[in-house]
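Between the sequences and the hints, there should be enough to build the whole structure, so can you do that?
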Amino acid sequence: MSDHHPTGITRWLYTTNHKDIGSMYLWFSFIMFLIGGAMAMVIRAELYQPGLQFVQPEFFNQMTTMHGLIMVFGAVMPSMVGLANWLIPMMIGAPDMALPRMNNWSFWILPFAFTLLLSSFLMEGGAPNFGWTFYAPLSTTYGPPSTDFFILGVHMMGISSIMGAINVIVTVFNMRAPGMTLMKMPLFVWTWLITAFLLIMVMPVLAGTVTMMLTDRHFGTSFFDAAGGGDPVMFQHIFWFFGHPEVYIMILPAFGVVSEIIPAFSRKKLFGYSSMVYATASIALLSFIVWAHHMFAVGMPVAGELFFMIATMLIAVPTGVKVFNWVATMWQGSLTFETPMLFSIAFVILFTIGGFSGVMLAMAPVDFQYHDTYFVVAHFHYVLFPGAIFGTTAAVYYWLPKWTGKMYNETSGKIHFWLSMIFVNLTFFPMHFSGLAGMPRRIPDYNMMFADFNMWASIGAFGLGLTQVYFLVTIIMAIRGGKKADEKQWDGATGLEWDALPSPAPYHTFSTPPKVD
Amino acid sequence: MSTETEEKYESYYVPEQSPWPIVGAVALFFIAYGGANFIQQSTDTVDTGDASWGGLVFMAALAVMIYMVFRWWGDVIKESMDGLYSAQMDRSFKQGMLWFISSEVMFFAAFFGALLYVRQFVIPWLGGEGNNMMTHAIIWPEFAPQWPLTTTPDGTTTTGMGAWGLPAINTAILLTSSWTLTIAHHALKANNRQALLNYTSLTALLGIIFLALQVMEYHHAYTEMGLTLGSGIYGSTFFMLTGFHGFHVTLGTIFLIVLSIRCAKGHFTEKHHFAYEAGAWYWHFVDVVWLFLFIFVYLM
Ligand code: HEM
Ligand SMILES: [Cu+2]
Numbered sequence: 001m002s003d004h005h006p007t008g009i010t011r012w013l014y015t016t017n018h019k020d021i022g023s024m025y026l027w028f029s030f031i032m033f034l035i036g037g038a039m040a041m042v043i044r045a046e047l048y049q050p051g052l053q054f055v056q057p058e059f060f061n062q063m064t065t066m067h068g069l070i071m072v073f074g075a076v077m078p079s080m081v082g083l084a085n086w087l088i089p090m091m092i093g094a095p096d097m098a099l100p101r102m103n104n105w106s107f108w109i110l111p112f113a114f115t116l117l118l119s120s121f122l123m124e125g126g127a128p129n130f131g132w133t134f135y136a137p138l139s140t141t142y143g144p145p146s147t148d149f150f151i152l153g154v155h156m157m158g159i160s161s162i163m164g165a166i167n168v169i170v171t172v173f174n175m176r177a178p179g180m181t182l183m184k185m186p187l188f189v190w191t192w193l194i195t196a197f198l199l200i201m202v203m204p205v206l207a208g209t210v211t212m213m214l215t216d217r218h219f220g221t222s223f224f225d226a227a228g229g230g231d232p233v234m235f236q237h238i239f240w241f242f243g244h245p246e247v248y249i250m251i252l253p254a255f256g257v258v259s260e261i262i263p264a265f266s267r268k269k270l271f272g273y274s275s276m277v278y279a280t281a282s283i284a285l286l287s288f289i290v291w292a293h294h295m296f297a298v299g300m301p302v303a304g305e306l307f308f309m310i311a312t313m314l315i316a317v318p319t320g321v322k323v324f325n326w327v328a329t330m331w332q333g334s335l336t337f338e339t340p341m342l343f344s345i346a347f348v349i350l351f352t353i354g355g356f357s358g359v360m361l362a363m364a365p366v367d368f369q370y371h372d373t374y375f376v377v378a379h380f381h382y383v384l385f386p387g388a389i390f391g392t393t394a395a396v397y398y399w400l401p402k403w404t405g406k407m408y409n410e411t412s413g414k415i416h417f418w419l420s421m422i423f424v425n426l427t428f429f430p431m432h433f434s435g436l437a438g439m440p441r442r443i444p445d446y447n448m449m450f451a452d453f454n455m456w457a458s459i460g461a462f463g464l465g466l467t468q469v470y471f472l473v474t475i476i477m478a479i480r481g482g483k484k485a486d487e488k489q490w491d492g493a494t495g496l497e498w499d500a501l502p503s504p505a506p507y508h509t510f511s512t513p514p515k516v517d
Numbered sequence: 001m002s003t004e005t006e007e008k009y010e011s012y013y014v015p016e017q018s019p020w021p022i023v024g025a026v027a028l029f030f031i032a033y034g035g036a037n038f039i040q041q042s043t044d045t046v047d048t049g050d051a052s053w054g055g056l057v058f059m060a061a062l063a064v065m066i067y068m069v070f071r072w073w074g075d076v077i078k079e080s081m082d083g084l085y086s087a088q089m090d091r092s093f094k095q096g097m098l099w100f101i102s103s104e105v106m107f108f109a110a111f112f113g114a115l116l117y118v119r120q121f122v123i124p125w126l127g128g129e130g131n132n133m134m135t136h137a138i139i140w141p142e143f144a145p146q147w148p149l150t151t152t153p154d155g156t157t158t159t160g161m162g163a164w165g166l167p168a169i170n171t172a173i174l175l176t177s178s179w180t181l182t183i184a185h186h187a188l189k190a191n192n193r194q195a196l197l198n199y200t201s202l203t204a205l206l207g208i209i210f211l212a213l214q215v216m217e218y219h220h221a222y223t224e225m226g227l228t229l230g231s232g233i234y235g236s237t238f239f240m241l242t243g244f245h246g247f248h249v250t251l252g253t254i255f256l257i258v259l260s261i262r263c264a265k266g267h268f269t270e271k272h273h274f275a276y277e278a279g280a281w282y283w284h285f286v287d288v289v290w291l292f293l294f295i296f297v298y299l300m
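In the order they appear, the protein sequences are chains Z and F.
Counted from 1, the first sequence has number 139 at position 139 by the working numbering; the numbering is strictly sequential.
Counted from 1, the second sequence has number 247 at position 247 by the working numbering; the numbering is strictly sequential.
Worth flagging that the hints you see were computed from the coordinates, not collected in a lab.
All C-beta atoms in this analysis are idealised placements derived from N, C-alpha and C, irrespective of residue type, glycine included.
Just so you know, not all the hints are guaranteed correct.
Examples of chain Z residues toward chain F, derived with CB under 7 Å [said to hold, decoys possible]:
hint, residue
1, THR7
2, GLY8
3, TRP12
4, TYR14
5, ALA98
6, ARG101
7, TRP108
8, ILE109
9, LEU116
10, PHE173
11, HIS218
12, GLY229
13, ASP231
Stretches of chain Z that chain F covers, calculated by requiring three or more beta carbons in the stretch to come under 8 Å of a beta carbon on chain F [as the list claims (entries may be wrong)]:
hint, stretch
14, 158-168
15, 192-202
Quick look at the structure:
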């Protein structure tokens, strides 16, 4: 097995190698994470005190919108695709992704799509300012000129995601080593398979939504205009038909990650493997019939409110199964607490808090009170930051030795963990209270009564932001000068990538498939 | 370990580096950039000053994109002809194509969803159904719910497109084309070259006739029926659905023409003809979408 690889810039531009492409995805998502994070810092600086301090309300709206868009489409989604690229072929014993050139295209579309999106800051009228949900008519009749560039940028991201998803599905269905039956696949592969299915089902619907926006804006159609027989509420239905599965697209791969890590550091098999698979599949299927829980307050027939309320609460069942299984895996295991495990345990606890606030929001009558308040912001940050982001972070610490052949400094990792843990709660926990007390989201100024909560949240946010820079330093130090990693760095780890490959994994792996019993 | 599996598995072809994807990414960027600018200029809905580069950038980038597709797929065809592709590779392509078509189905589903939602909910609600009596009474008391919506709440009027003229003929044409394509496919499997070429080209020709008739239909709608994109939700859904379908027929027809040329060159064998199968699947998909269109847009 030769480890020869091309060099220079064309190595990255022309590459068809899943490991190169995986690395590019991961670095790209981290850069986006820092850009989106910088916008969060602007938001929190403005909200440190009541009154207008630093930015104008118009610019504040652009900050919240772009922060949300960049974090969702630029940071979280690509980070998961990066993990998929690195890990899936190694985990199932495949030589590469099934369609390597298309894989390259999926990646390289993204930097251009985000250049397009970010360039809107320089345009007249500024960047999109209607929130990451771009509801009509804010985005149609009242959207700034840059909205059209946003629309085409979303099209590009969609093309990239769909091609990436097709690649994952085909790889999993067609490239498994002999003996690697579906029910032997690592759970990370399962969760990504299901995620890819969701992507193929909903990204085209997003494309349809923005296309209707475009024609409403410029070609006189009336999809979202009641005067012509359309309906702005219809926008919300179509958007959330994409939007709700989208949140599972962001979180399912992270479920997969912690389902690999917790068994490794508990030195036990994952509790209830098959129930994990079925739970993931049920969550995915249910996610298609709950979208209007985002619209309780906008108005629906009572039957609709009830249906979406009950369907949403049903999702708590398979999710509960998963949380139970993670905890049961740890039960009576011989636990150790290296950095990936710490992030995974925090994931289980904090994601569950986010799940609980989700169940509260799912109750239609009380959502009338919570809707569009900081309670919602608290909820989705609990599932996104300590959920999706902690999941990716845990994965980076866990597989870094395999990817680079170098170990990170465990003390640094633990410091990163504890600072993140403290600051993430300091930032987002107070938002529950300001939200319950009625503070609206997407607002640059607020009533005096919310001042204390906001000050705490802002202090936490600055700390949380700096901590992520520390993460970058830790990783760079590890890559530059970390101790050499063992082939099987974690004694409890299982899977082909640990059992059949050296560290670092060679440029080309499994040119002939390994035999799996 | 390796010898045993090597016997069962031919090696999977992982292509060397390729410049085409990044060219495609750059082209896509300028298509989007130029396209957005061009739309703003040409519809006069946004003041873009004197700038008039959008259309040019768009066209140039589109040309690069088409060139890129030619070169990339040219590479693929060459590799395939050189026998680099195993049966497993073939399965990757096939599955990839099927999932791509699934994503296309969902793209159309968004517009069908809009159509059904409008007819089922929006129009009756605008007419005061449910708890919407006051909307009706106060904002648009004149509005009468109906489909096709020939008078919108703000008073724009139009006419509905009947099903039994051109649309019915077009349905017959597409159904026939599905049939001719199936004959061609069977001919391919029976290694009957001449029938393969004839029926594939005939299918492409039917596609062109379909498109020509659709152009006539649009012309009629715009000039004589007052049915345009701007004539309320009926025109919006009508043109969006039939328009995107027509766009897909165009792509499918180009696909079929390329396949005809490749048939003439003898590229396909009874066993090895992924591209042909992909083209056929795509055509059948376009066909099925049309049947739904005929029912939900024209008939009902
Ligand atoms: C240091 C970390 C972060 C901080 C301090 C932060 C802060 C905030 C704040 C204060 C808002 C509400 C703005 C408003 O409504 O006025 C917000 C919105 C949002 N954030 Fe974050 N955030 C962080 C990380 C993330 C991450 C990692 C994600 C996604 C994975 C994310 C996704 C979103 C989304 C989707 C919105 C909604 C945007 C909208 O209202 O349209 N955030 N963030
Ligand atoms: Cu939801």
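Which of the listed hints are not met by the structure?
Violated hints (numbers, rising): 1, 2, 3; every other hint is consistent with the structure.
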